[in-house]
Amino acid sequence: METIKLTIDNRHVEVPKGTTILQAAKQAGINIPSLCYMNLPHLAQEHKPGSCRVCVVEIPGRKNLVPACATECTDGMTVLSHSLRAINARRTVVELLLSDHPKDCLICPSSGNCELQQLSITMGIREIKSVENAAMSTYRKDASPALNRNMDKCVMCRSCETVCNEIQTVGALSAVNRGFMSVVAPAFEQELTDSPCTFCGQCVAVCPTGALTAVDNTFHVIRALADPNKFVVVQTAPAVRAALGEEFGYPPGTSVTGKMTAALRSLGFDKVFDTDFAADLTIMEEGTELLDRITRYLNGDKEVRLPILTSCCPAWVNFFETNYPDMLDVPSTARSPQQMFGAIAKTYMAEKLGVKREDMVVVSVMPCLAKKYECQRDEFKVDGDPDVDYAITTRELAHLIKIGNIDFKTLKEEDFDRPMGESTGAAVIFGVTGGVIEAATRTAYELFTGKKLEKVDFHELRGMEGIRTASVNFNGTYIHIGIAHTLGNARKLLDGIRKGMYNFHAIEIMACPGGCIGGGGQPLHRGNSIVLKARMDAIYKEDFNKPIRKSHENPEIIQLYEDFLGKPLSEKSHKLLHTHYFSHPKK
Amino acid sequence: MQLLVCGGTGCRASASATIVEKLNESLKAHQLTEEAQVVITGCFGFCEKGPIVKVIPDNTFYTQVKPEDAEEIVAEHILKGRKVSRLLYEDPEKKEHVEDSKHMGFYQKQMRIALRNCGVIDPENIDEYIARDGYSALAQVVTDLTPEQAIDLVKQSGLRGRGGAGFPTGLKWEITSRFTSDQKYVVCNADEGDPGAFMDRSILEGDPNSIIEAMTICGYCIGATKGLVYIRAEYPLAIKRLQIAINQAREYGLLGENIFGSKFSFDMELRYGAGAFVCGEETALIASMEGKRGEPRVKPPFPAESGYMNKPTNVNNVETFANVPVIFLKGPEWYSAIGTEKSKGTKVFALAGKINNVGLIEVPMGITLREIIYEIGGGIKNGKKFKAVQTGGPSGGCLTEAHLDTPIDFDSLLAAGSMMGSGGMIVMDEDDCMVSIAKFYLEFIVEESCGKCTPCRIGNKRMLEILEKITLGKGNMEDLDHLRNLAYVIKDTSLCGLGQSSPNPVLSTLENFYDEYVAHVKDKRCFAKKCKALARYTINPDVCTGCTICARNCPVEAITGEKREPHFINQEICIHCGVCYQKCKFNAINVE
Numbered sequence: 134m135e136t137i138k139l140t141i142d143n144r145h146v147e148v149p150k151g152t153t154i155l156q157a158a159k160q161a162g163i164n165i166p167s168l169c170y171m172n173l174p175h176l177a178q179e180h181k182p183g184s185c186r187v188c189v190v191e192i193p194g195r196k197n198l199v200p201a202c203a204t205e206c207t208d209g210m211t212v213l214s215h216s217l218r219a220i221n222a223r224r225t226v227v228e229l230l231l232s233d234h235p236k237d238c239l240i241c242p243s244s245g246n247c248e249l250q251q252l253s254i255t256m257g258i259r260e261i262k263s264v265e266n267a268a269m270s271t272y273r274k275d276a277s278p279a280l281n282r283n284m285d286k287c288v289m290c291r292s293c294e295t296v297c298n299e300i301q302t303v304g305a306l307s308a309v310n311r312g313f314m315s316v317v318a319p320a321f322e323q324e325l326t327d328s329p330c331t332f333c334g335q336c337v338a339v340c341p342t343g344a345l346t347a348v349d350n351t352f353h354v355i356r357a358l359a360d361p362n363k364f365v366v367v368q369t370a371p372a373v374r375a376a377l378g379e380e381f382g383y384p385p386g387t388s389v390t391g392k393m394t395a396a397l398r399s400l401g402f403d404k405v406f407d408t409d410f411a412a413d414l415t416i417m418e419e420g421t422e423l424l425d426r427i428t429r430y431l432n433g434d435k436e437v438r439l440p441i442l443t444s445c446c447p448a449w450v451n452f453f454e455t456n457y458p459d460m461l462d463v464p465s466t467a468r469s470p471q472q473m474f475g476a477i478a479k480t481y482m483a484e485k486l487g488v489k490r491e492d493m494v495v496v497s498v499m500p501c502l503a504k505k506y507e508c509q510r511d512e513f514k515v516d517g518d519p520d521v522d523y524a525i526t527t528r529e530l531a532h533l534i535k536i537g538n539i540d541f542k543t544l545k546e547e548d549f550d551r552p553m554g555e556s557t558g559a560a561v562i563f564g565v566t567g568g569v570i571e572a573a574t575r576t577a578y579e580l581f582t583g584k585k586l587e588k589v590d591f592h593e594l595r596g597m598e599g600i601r602t603a604s605v606n607f608n609g610t611y612i613h614i615g616i617a618h619t620l621g622n623a624r625k626l627l628d629g630i631r632k633g634m635y636n637f638h639a640i641e642i643m644a645c646p647g648g649c650i651g652g653g654g655q656p657l658h659r660g661n662s663i664v665l666k667a668r669m670d671a672i673y674k675e676d677f678n679k680p681i682r683k684s685h686e687n688p689e690i691i692q693l694y695e696d697f698l699g700k701p702l703s704e705k706s707h708k709l710l711h712t713h714y715f716s717h718p719k720k
Numbered sequence: 005m006q007l008l009v010c011g012g013t014g015c016r017a018s019a020s021a022t023i024v025e026k027l028n029e030s031l032k033a034h035q036l037t038e039e040a041q042v043v044i045t046g047c048f049g050f051c052e053k054g055p056i057v058k059v060i061p062d063n064t065f066y067t068q069v070k071p072e073d074a075e076e077i078v079a080e081h082i083l084k085g086r087k088v089s090r091l092l093y094e095d096p097e098k099k100e101h102v103e104d105s106k107h108m109g110f111y112q113k114q115m116r117i118a119l120r121n122c123g124v125i126d127p128e129n130i131d132e133y134i135a136r137d138g139y140s141a142l143a144q145v146v147t148d149l150t151p152e153q154a155i156d157l158v159k160q161s162g163l164r165g166r167g168g169a170g171f172p173t174g175l176k177w178e179i180t181s182r183f184t185s186d187q188k189y190v191v192c193n194a195d196e197g198d199p200g201a202f203m204d205r206s207i208l209e210g211d212p213n214s215i216i217e218a219m220t221i222c223g224y225c226i227g228a229t230k231g232l233v234y235i236r237a238e239y240p241l242a243i244k245r246l247q248i249a250i251n252q253a254r255e256y257g258l259l260g261e262n263i264f265g266s267k268f269s270f271d272m273e274l275r276y277g278a279g280a281f282v283c284g285e286e287t288a289l290i291a292s293m294e295g296k297r298g299e300p301r302v303k304p305p306f307p308a309e310s311g312y313m314n315k316p317t318n319v320n321n322v323e324t325f326a327n328v329p330v331i332f333l334k335g336p337e338w339y340s341a342i343g344t345e346k347s348k349g350t351k352v353f354a355l356a357g358k359i360n361n362v363g364l365i366e367v368p369m370g371i372t373l374r375e376i377i378y379e380i381g382g383g384i385k386n387g388k389k390f391k392a393v394q395t396g397g398p399s400g401g402c403l404t405e406a407h408l409d410t411p412i413d414f415d416s417l418l419a420a421g422s423m424m425g426s427g428g429m430i431v432m433d434e435d436d437c438m439v440s441i442a443k444f445y446l447e448f449i450v451e452e453s454c455g456k457c458t459p460c461r462i463g464n465k466r467m468l469e470i471l472e473k474i475t476l477g478k479g480n481m482e483d484l485d486h487l488r489n490l491a492y493v494i495k496d497t498s499l500c501g502l503g504q505s506s507p508n509p510v511l512s513t514l515e516n517f518y519d520e521y522v523a524h525v526k527d528k529r530c531f532a533k534k535c536k537a538l539a540r541y542t543i544n545p546d547v548c549t550g551c552t553i554c555a556r557n558c559p560v561e562a563i564t565g566e567k568r569e570p571h572f573i574n575q576e577i578c579i580h581c582g583v584c585y586q587k588c589k590f591n592a593i594n595v596e
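Chains as they are written, first to last, in our numbering: chain A, 134 to 720; chain B, 5 to 596.
Chain A with its partners taken away, still in its complex shape (with noise of 0.2 Å):
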């Protein structure tokens, strides 16, 4: 690997060959600003169309300025970072983007966690100089029911389309119109909720300004807590406990479940209970739904349809009936947790309370934006009443616990309430790609072979790749498993068995990088893929603690089959518990 010596801002600095500036500078502590340049190493994608000029260098010798980002370190090489030019370059292009841009930051929903906002900071920018009644940039504004558009806010960064069309391969943005009036938006400027767009929210994660948001539903839910009429149930997704520390200091990798269980009761919701109790029953239901077509086909049913496909992941959901209305029969019939919760919560444990249903409000806290899309699915409803009324995300719970003047940190720790609040192990894996299928293979070991299942642990199911594959040995019989996290993966994988090309039983795909925690609701990560790393750490740490870890054994799920549901698949499960899917979604 050759070798590169160079100097930037008189410090000497060696990279292999085909560094950037940017890059080697922060090698040598130096910190170039940018805004437009984004690096997500885990999926090997690098953002640099140099567009911003933010991080724009001086080489003497050359005629003009070069952006950092996106050029290449040469033996000898001298760069000023911070000379007088480079200064004078960097503020100007930051004073015409502020020029072009809202001045509502006080009330922008980014405020605080926007890069040009703080790149007006760092630099110290205290006048924009623009003639009277100067032209910006307007467009209308886009709402549905997961996130907002605000494009006045755009600062053309590209990185959500990027993230769209590189590595979802959903195609809903690009870049439209030209000049001054360009903007990001679906092709033909249709309303996002007529365009290919599945909710998956990877472009609010990346938006550095405040263009793209996640809808808010903070004071919906505010209201119904200080209403004395109605009861609230709040749920919280595995993934949540895993980031929601980063929102108040902790280090990634911190899980929060006890304090965060405590805030929620100090906020005032009726009963704290757990998406995880509903994961459980999720691999129940889709458990013996795997084993009964597995079981099927190994006698020699040719009319059965494999692989299944997990379902729990509204934004995968969407992406399917966008993309392969052909296959609709493949997927599992099973709801994702966060509706099976709710279906449960307004049936079974609203006449258990001897709540009625319509004054029970539940709310979902989740680490995605997709699911404040799926609980308003018409399906979803009963003679209009959602089961789920509010999916709130992972920094909407943040602002809520700020807004209720509590102090995070010296909470005590408290736990779920019963019986919606017990969890297994497998439960919690729900929150990484590779989670699920774990979980169900854990269940569908023993229910299959009969015996009992001694390493609970699937190591060849984690990991971060984007596409992984395994066979896993039940006692003779190998069952192949694929998993993919990201939809264009998911898209290879699709594609694959459209042409007949792999021979997979189950298959689970989550749109989000990592899974859930990776989602478009977490606490912003902006590309840093330690984050992740130490989020999905948290999650296997919190399974191997747990002293059940299989979902089958959960007592709870026992007794609610026992009491209520029967057995996996009966018909009253097929009724709360499962869903079919349509061609080309309405939104």
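Just so you know, the hints here were simulated from the structure itself, not pulled from any lab data.
A few chain A residues that face chain B, going by a derived Cβ cut-off under 7 Å, partial list only:
1) N197
2) D233
3) V264
4) R311
Computed cross-link-like contacts, DSSO-like style, restricted to lysine-lysine with a CA-CA straight-line distance of at most 30 Å:
5) K296(B) to K181(A)
6) K526(B) to K262(A)
7) K385(B) to K533(B)
8) K389(B) to K106(B)
9) K236(A) to K473(B)
10) K385(B) to K99(B)
11) K303(B) to K150(A)
12) K584(A) to K700(A)
13) K159(A) to K196(A)
14) K303(B) to K196(A)
15) K534(B) to K262(A)
Glycine residues also receive a C-beta, built at the ideal position from the N, C-alpha and C atoms.
Put chain B on the given structure of chain A with help from the hints.
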């Protein structure tokens, strides 16, 4: 005998196609169809005096011909040998008729190399191209030379790119030839986007085979088997002529498999632009051809390494290619003897503006601006005073009287604060407002900017707003400082050539015509009387009858005066709407 009728777009717009019809009718009527043929050719260049009809072999050059003149030309000149003197060009100084174009001031200092066949051959007939040594260069290269040898000859000639950047062509071909790949491409940039420029269009309309031959030679040199011509959709005649030429070349085996019996195969196709100036930038052009949004990308890597479909691609301008066959036909020494030390050969210019001889010219590098404007161009129209000459289109700068003796070459123009660009040259006189000119070019840039990078997308808009403010009389001196800083930063930080050169008109006019900016800003005056908002209306007390019509119509009550007494306009209140000027029946109001 032959009657060559100019079939360039300019003359066609003046019914040259009808002239052809009428000539043919008359020839038939006089039974002269055996003795004389009408040939449609490419652009002669003397557009000011078009439509042009040239009679061969006596070289009689008829100007401003109308369809109804066709009969007279045939009956008098062809039949009886009597030239139609009223259609001959009249030298404005000597007041004499000039029959042969080589004696005309417009043509004397020109040297037509890229335009060698324009106005001479029928561009829709490949045989005429071949008759003038067409495809001989290709034959020589493919059968006698190795690619390295051929590239070397191009390098020796000193030919530099004619699209604006002036990169040494031979060197570009050499770099591209060195990259190994399963597929390489030759691309011709025919997106000519500068407003008012028609050099490339004329070459494509008048001599499309020169491009085909040159691209094929290039393919041989760099190891490409495919050529692509990216041509703007607004050039339908050029597209038509190019496609005819490609088809004819294919028929003759000059495109396709095993050209001239060698192992070398090459073919090409056309790709159309869709109305974007920015797609003249090579990486945006390539993106457009790939079906993507026409936006430039960061260089390096350069197209020579990774271009169309990420393969090594050589992109050259139309005029650059037009020069290539001549280098092989006449040898690089002949070529490099023309021009200056660092800028060899000739350059085609589209000469326009306040000049007597508007048209298309080709001159050796090194000729001065003065020679072009006063000798070739025939001086300033209507006897006005020269003010400035703009070279390089929206990427270039304005040069003043002090620069008139600057030799035309890449480096001298840059040093003078402008650039060669693709060949636009616009002459301005005392009635042109330099601030408005800068504003005009910026309006174009703002319209055409792709929007990818911050300085060009937002910066140019902000510069335009400042100029609009100034031309409306609302500017201040701070605006000028801000304008200058913006211009430097946009030039220094833009991602591509469009943004990097867009501030040039502003910077060069600020440099050379600063007093005009100050007059607009401090005195709120436009001496060229172009900026309507700065027009000063005053009442001449000697003429004013005191009829009070102006005062009664003034929307801001800026006019005072007693009945039958001279009236007075208060400049502080006047909003320069001009209503008083329109209403006054006695011409008592002066505008300045």
